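Number of protein chains: 4
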Amino acid sequence: MIDDLSTNPFDDDKLHEECGVFGIFGHPESAAMTALGLHALQHRGQEAAGIVSWDGTDFYTHKAMGLVDATFSKEKVIERLKGHAAIGHNRYSTTGEASLRNVQPIYADLALGGFAVAHNGNLTNAAAIREELVNKGSLFQSSSDTEVIVHLMAVSLKENAIDKLAAAANEIIGAYSLVAVTSDMLIGLRDPYGIRPLCLGKLGGSYILTSETCALDIIGAEFVRDIEPGEMVVIDKKGMRTVWPFKTKHKRFCIFEYVYFARPDSFMEGRSVYEMRKNIGAVLAREAPVPNADVVVPVPDSGTPSAIGFSQASGVPFELGIIRNHYVGRTFIEPTQQIRNLGVKLKHNANKRYLKDKVVVLVDDSIVRGTTSRKIVDMVRAAGAKEVHMRISSPPTAHSCFYGIDTPETAELMAHTHSVEEIRKHIGVDSLSYISIDGLYQAVGESKRNNDTPQYCDACFTGDYPVELVDKIAGCGSDKKKATMGAKMLVSIDD
Amino acid sequence: MIDDLSTNPFDDDKLHEECGVFGIFGHPESAAMTALGLHALQHRGQEAAGIVSWDGTDFYTHKAMGLVDATFSKEKVIERLKGHAAIGHNRYSTTGEASLRNVQPIYADLALGGFAVAHNGNLTNAAAIREELVNKGSLFQSSSDTEVIVHLMAVSLKENAIDKLAAAANEIIGAYSLVAVTSDMLIGLRDPYGIRPLCLGKLGGSYILTSETCALDIIGAEFVRDIEPGEMVVIDKKGMRTVWPFKTKHKRFCIFEYVYFARPDSFMEGRSVYEMRKNIGAVLAREAPVPNADVVVPVPDSGTPSAIGFSQASGVPFELGIIRNHYVGRTFIEPTQQIRNLGVKLKHNANKRYLKDKVVVLVDDSIVRGTTSRKIVDMVRAAGAKEVHMRISSPPTAHSCFYGIDTPETAELMAHTHSVEEIRKHIGVDSLSYISIDGLYQAVGESKRNNDTPQYCDACFTGDYPVELVDKIAGCGSDKKKATMGAKMLVSIDD
Amino acid sequence: MIDDLSTNPFDDDKLHEECGVFGIFGHPESAAMTALGLHALQHRGQEAAGIVSWDGTDFYTHKAMGLVDATFSKEKVIERLKGHAAIGHNRYSTTGEASLRNVQPIYADLALGGFAVAHNGNLTNAAAIREELVNKGSLFQSSSDTEVIVHLMAVSLKENAIDKLAAAANEIIGAYSLVAVTSDMLIGLRDPYGIRPLCLGKLGGSYILTSETCALDIIGAEFVRDIEPGEMVVIDKKGMRTVWPFKTKHKRFCIFEYVYFARPDSFMEGRSVYEMRKNIGAVLAREAPVPNADVVVPVPDSGTPSAIGFSQASGVPFELGIIRNHYVGRTFIEPTQQIRNLGVKLKHNANKRYLKDKVVVLVDDSIVRGTTSRKIVDMVRAAGAKEVHMRISSPPTAHSCFYGIDTPETAELMAHTHSVEEIRKHIGVDSLSYISIDGLYQAVGESKRNNDTPQYCDACFTGDYPVELVDKIAGCGSDKKKATMGAKMLVSIDD
Amino acid sequence: MIDDLSTNPFDDDKLHEECGVFGIFGHPESAAMTALGLHALQHRGQEAAGIVSWDGTDFYTHKAMGLVDATFSKEKVIERLKGHAAIGHNRYSTTGEASLRNVQPIYADLALGGFAVAHNGNLTNAAAIREELVNKGSLFQSSSDTEVIVHLMAVSLKENAIDKLAAAANEIIGAYSLVAVTSDMLIGLRDPYGIRPLCLGKLGGSYILTSETCALDIIGAEFVRDIEPGEMVVIDKKGMRTVWPFKTKHKRFCIFEYVYFARPDSFMEGRSVYEMRKNIGAVLAREAPVPNADVVVPVPDSGTPSAIGFSQASGVPFELGIIRNHYVGRTFIEPTQQIRNLGVKLKHNANKRYLKDKVVVLVDDSIVRGTTSRKIVDMVRAAGAKEVHMRISSPPTAHSCFYGIDTPETAELMAHTHSVEEIRKHIGVDSLSYISIDGLYQAVGESKRNNDTPQYCDACFTGDYPVELVDKIAGCGSDKKKATMGAKMLVSIDD
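Chains as they are written, first to last, in the working numbering: chain W, 3 to 497; chain P, 3 to 497; chain B, 3 to 497; chain Z, 3 to 497.
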């Protein structure tokens, strides 16, 4: 039975992308460029941010909890991050405690010199490798996946950073895109399935590697191409070259990047994210029309492009029937009970004028636990809507992601335990429709899902996991939550 | 000649509402309710916030620079603000230094007991009164207008707070809506022209006075009515009553509240703000059509409702051709030169897919200095737009406001010194049209502007100032900027 | 009956001087000089510090809770405090809440220009005057005595600052030394009895007014003379002159300054404070010898000079039998229960080598509540002392001070309610002797106390109060603790 | 030639002990006890402090820059540090950057479980070992010596913590006393020469290991005995036992602990530190009397016990001729030039009354660079002293320490490059005498220095270094200053 969970009003009941990465080589203001790139990638992780730069002699780093703006807008911070090469990282946190020592990039003094790395994604065998390394004498300082990679490099017998990283890459299993900087070069690496995004840009003579094209736009850089699945790109003074450390795999890009994670102005794998979302809305309008509808209303902000697509395809007027208060920050950290009870209203308000006595089509991107959806529907009904029809621009989210997306445990996913009709009743709408899996594939340009060799990773909808879940199967380590590998060390930092 | 001013990228080149007020009487959690109300009014002032509460024995106050969330989300802060009555204030700051001692509400120990007051607006004879009071022995502790009101009350020979406030109100000239709390009652007062908004709500047995209805919505209160121009409302244990301290004046509500200041989900003077904006878009589409347009694109976020109105009236598709990064805070306080040069991109990015090779209608609410508009047009052109046509949902802003809105000096207003054609060239569009003054009046429900007794205050467009500008004419005091009344006292606060 | 009060280990059970003042005129780095002076006067008040400077055009101020070092060691703070004249203040706080708005100096815009003032002492009729002023329309912003003075000046009909201050001085009653700065001059004023100290110094062409000569020493200034009781000193471009606003009174300097408050390296009223303390020790050795004593041990640090005097007069060796940990700051603000129970040991430790099996003479300056004394005696006994004899370098403290010294209510003073023998038993010593009142007068150079017209204020010992206790007698206002004049306003400041 | 160096007035020109350690096992409030112990040891390191506790399940840690009081006085901090075993550390910093990641204790997840360690001292072959370990794949996270120890344990093939630590101890060379906590036990280890101190105490059923006995006194624990040179003490539920990992060496305890580092109320190697200092003063009075002296004046606070000894031995009166301002904190971090020029006066003032026209014997513990001494002498002369004779309670400091004491490079030590007569002239005294090396040995209870097998480490006076200086000789690593082992990583932390 679904009960009224007293939930955090600021939990917007969405899946969360956990990281964004950015690297640049050959620019005199590499740290400022990286800060701007991370700013553009802020939607991929708001918990913490960090930059490492290299000036030919020394490495410099600055990391802090909080938004990029707050940390890297200060001139003195940027000035300390000297050099022509830099990498940066926005973190949301999936594995590892939420503390500063886990903030990426991670730096290490390897025998061959300094090495810093940041990645977006998740290793599915991190706990297993970690245990093995500790037994041989490696000392881990963080609980982050990334440290596994540098320890593998440290104990590798290979003689240069490229070979050491290739050796490490062949030990780890997971979905990841990483950028690294050494005293000679910038390196980018995408996992063999290309699940997480990574693209290449150019600004004058500098090369950039980053998660999304919007981070190229902000610094005026030109998009060159997406990095291929399993491709390692090495950029140094002589230019750029490719190394292929893996046997080729079939591409399985994360389809949810199109649905929700990526910024609408980004292009991924050659496609406009905004256009994909409008297409989804159009397919939804075709698959699940609402004949007598008066208005199409997005659940702001993520439902907006699909709602526009739905409106244009159906001819039903698009209206901002729910107004979002953009001043809701992450700072309401100790809400009073009074505030807690008012829930969703801190963030959204009904625009009564366009809801009262109307047949309303609400468009949202997904339903995770269902708690927020119900409150929004209540608010729309309280504003006087005659009927409320919910349309969801993804198939039911019925399976957890182990590839770098913050999802609840499978058992907490409403679609895992409830039928569409049960969910409809729970959130209190007159009708509820999700886009079909084939409809989604059509919206992104395929004729349908190829069930033998699917074109995308869609494990969260289908449960079809392309990358082996080693730690989960072994029952060791991080399953979904955090590994307590070794004794637990609880660090508190002075306020 | 207009030159390329190197401007602050975070100056979004808009006029700014300077304050929001909220008061409640008869609620056991009056401070929590006030914090929520101020949160809903955050768009009316982001510099600082303050609350004063009264529990029958003591007054309590808490004020801080920064957003409401950051200050009032902590349970312990709210817990300290005990009592059944409270008033609160969001500040943007027009007159007075930006320091904590100027943050409202202002509290005073009058001979009859404690008195706290907060107001939205500006007094046009504050400097003149202040000078007179200082000569008689009053000591001012702040440079805020509000302190003038309490000093007038302190030296008044009247015997109760209502009469003292009425006496003070008859001395001051200006545009203001104020809320006050004494040991017996909550008082609301709107200036004789009703230039600034103030409305009345009810939540169970409690009364609320606040600037906008969205602050009623957030706490689930019911809207009762707008306070009349010149009306003083007194709320105490016995209920609510009205006092009329002034001779009646003709109502002149600020028409710019409809254009830009108010939240779209608020109702003001009986009208939906969102609907007014859509109407403006529709009038614009009729007054200044773009026959071959491919897309209507709002300059986010304020241009969106008018753009939807324009799209629906013209049949040209509405698209989010410019994407706003909502993580741009007020924290980019020390941008590097590098970041400064990239200007507008920190906040906006072009959505190339819907701009390239298109004839674009850009809809924005106003052009103040023109700096941001030009950068946005440049960005849209760089994304490949074939033609760019700008439509503005207000008449040219050619005159400063002295009634509580933060506007540049008249000489800095682009429309004061340049023709529409000159502005068009400066911002680099193919065509530029503003809504006509009569068109604006039509959009808000009038047949046209009544030039003899205009229905609204539209001084920023017409230069027709309904309230006398005493200090400005005398050349004393605060003209536009701050008064240096008496010797200047420069206060620094320990970091 | 005296019971074991569970007391704060950091309450060192002493009376506290509450303020130090410093003013300088005619020095290009007046604020830096003032910061140094306040640093030297830090022992007179550790709660907060403030400086106001004047550069011929503007006044500048900086105030903060905490030590002078922490606030004024930053170059940028000092740089902002421009000008050739400045006054400063260290605060311990007797009346008024402990909040920033009560930190001195207090600044006011009088009709004739800016005026800033700081004082050491206490007004005994502040509440009575305040009530009268509020009834006439004055608005008070703080609960500080000092604000009474500036309001009296503001409503004075006199035409210049000197006459206004003289008029105010004739209204107030109390013990005070004040320094003030206007746009023309530096003013110093000492109350008619000269209870609190104030002296004049010179550094090149600059004049200095300050509480103690140690503040002259630190900046290398030369001591000129003490300011006379009731003397107002005016320093401007033309030099220094004296104004006598009062009818003359008999001098009654605070004798406790010699016993405890002043720094030992200061000279007061022509006498070395260190020498006076040594004399006290010598008188004690004569009045109350310990024939078989092995060691004389000071209770650090305040008992040290008297212990040296006792040792030299008696021939008993002086030893540091108790070692003080100088790292005990004011920061142990939330001690755990565990720490609380260990009490005095955070601050002191027994030096066993010189206590074990010894007959010990402990020398301390006073016993206020007796709590600390008992703990120290326990510690000395636990270290193996054979006998412990306590000698106190002041007569029993049996009466509260209303003249600017922080004392407990009279009823909490151990010597008010207990005989010497009872106190001896309570603190657990083999013998206890206080210096006699005549012995104290002898030590400071008199033949004995002149009981008809005593040479000093010794009210804390004798209950003979030279200045009328207006508010206390009226039962209004501040008695000992704080006045709640008008409704109480509780201010919290954002952390 | 010696010139007037413009020095930091807050550099008090002393050698500095760099660390204090404390460990406790079997106490329910182990963290609170440790915080108290560290408070008592604050004189051994003021830069940072840290505690690790163990509650049978998890390890907890809290570290911060700053004083123990500031960090560990908060109840919530102590409450988080659960468990019956804890170790703590005060840091001054000799090797390693002054950043939080270098603050001890250092924690590591060894394969056998968690392990935390803190040490007082310095390893002389840390750089050499570090290089070797990095080549084999160890990743270092700090630049601290201590991390070398845990990496050696991590790669050791031994099966338990005791054997692993013993193995590591046989690799490292240096002067150190360490405490460590594992999931089973508390371990203490003193280097084979016993250069740095470590003692054992007992409180009820709990054992304590700490640097000085004053840390036992503060918690009321009983002193049991000093740990022997080369002794490893293991404390667990069964009690205490000793392991001897080294071949025996001759004891060479640091004689400077008696002269200056230790607290006077501590006992070390069976002797009262205060008594040793008084003995030194007595020997000085015999070796270098001042026949016509009027007063013996200590340079506070470190010179005081020797000055008392000198006074008692010579019969010349002891007086506090220099008064120290105890409010000088570490916070004067950005002194203005004005303040800088006033130098020593921020901290000290002459007590003129006992210096004017006097023949003064100044007693200080050492002269390092000579800068402060000269300023103090100048101050004493400016106060009117007739003659000034300086007596130093240690032999000339002519050699750097590599065993955990912060000394300048040998070349900066005044006594390395100048004769006593040259120093006398430089500091401007009428006579200058240091205690002789044999005199010093006599004062601490020996008949004289045994030059064949000296009883103490006195390398700073004699250059006779008992422990091999591996890194210094190899020219690698940390010589005196910090090693830049591997590429330098410069970390900045968000303010």
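Hints should not be assumed to be uniformly reliable.
Stated by the list, open to error - Distance condition first, Cα-Cα at most 25 angstroms in a straight line; then the derived DMTMM-like pairs of lysine to aspartate or glutamate: (1) W/Lys354 - P/Glu289; (2) B/Lys16 - Z/Asp303; (3) B/Lys249 - B/Asp466; (4) B/Lys358 - Z/Glu133.
Derived by calculation from the structure, the hints in this document are not laboratory data.
In this text the structure is predicted, and so the values were computed from the model without any measurement.
Now for the hints, and whether the structure bears them out:
no.: 1; hint: W/Lys354 - P/Glu289; verdict: 28 angstroms, violated
no.: 2; hint: B/Lys16 - Z/Asp303; verdict: 23 angstroms, holds
no.: 3; hint: B/Lys249 - B/Asp466; verdict: 21 angstroms, holds
no.: 4; hint: B/Lys358 - Z/Glu133; verdict: 53 angstroms, violated
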